[in-house]
Amino acid sequence: MIRIGVFGANGRMGLALLEAATIKEQTQLTGAYVRSGSSLIGVNVNQINSAADKSVCFSDENTLESVDVLIDFTLPDGMRSHLKRAVEQSLPLVIGTTGLTADDMALLENAAKHIPIVFARNYSVGVNVLLNLVQTAATKFGDDLDIEIFEAHHRHKIDAPSGTALAIGESIADAKGWNHEEVAVYDRSQIETEKSQNEIGYSVLRGGDIVGEHTAYFATMGERLELTHKASSRMTFALGAIRAASWLQNKPVGLYDMQDVLDLK
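Quick note on UniProt numbering: the sequence shown kicks off at 1 and runs consecutively.
These are computed hints drawn from the structure, not numbers from a lab.
Among the hints, erroneous ones may be present.
No more than 30 Å apart at the CA atoms, straight line, and that leaves these computed lysine-lysine pairs for BS3-like [unchecked claim]:
(1) Lys176 x Lys265
(2) Lys195 x Lys176
(3) Lys230 x Lys113
(4) Lys251 x Lys195
(5) Lys265 x Lys113
(6) Lys24 x Lys251
(7) Lys54 x Lys24
Derived DEER-like restraints, expressed as beta-carbon distance ranges [said to hold, decoys possible]:
(8) Glu199 x Met105: 38 to 48 Å
(9) Ala160 x Val253: 27 to 37 Å
(10) Glu25 x Gln190: 19 to 29 Å
(11) His154 x Asp263: 28 to 38 Å
(12) Thr220 x Val253: 40 to 50 Å
Idealized CB from N, CA, C, for every residue including glycine.
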């Protein structure tokens, strides 16, 4: 039985993770961490999410006890602090935080020299299969091709484009032999030329309670291929993260991703 601790346990994803760790076989929820001073400290998690383990209470994120693997889907500032704590206590860490900078990625790579880490922008099995499919499409269509990526999320999501949209674009760029940062186009409002076929365009929608939708468009003269993934519940991502945590236990130090977990490489 793998003992799971969740950072940001009172957030939207945190609550889903508490439930997923409770219902998933071979895992046990033993830590539900919130910020120091939170009014939830000492409150049973079952009072906030009735499907979560009723024997566990919210606790201070600075007190990590009786856990084998930690999971973090918080914002970048929180992730940096939690990463430091995980390294200090030699605990494996699953990270789903998006909106990370190049400096943040450097922190992850350095930390992965000391502990095993799974970092993925999306823990859905379907999305990770999609990352493989878009690479096949990008190579088989050839160069006479227009590539666009659309994503939609709830109004509360801060980063745009989403981490998943960027992961899709990066997968396509890798397959085409492109440098993603050189071909990504996020704003065409000041561009007065026609679209280049050596670029990947991004479009974003924010509204309501959309959990997550991503589409990669591959358009040529006369036909268009659309590869779409739609998530209807955060439990999709939570269960994937619990799967990653189970896989990560006893792995050697290193930086892994969901493609490693699902053996898709």
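What are the numbers of the hints the structure violates, in ascending order?
3, 4, 8, 10
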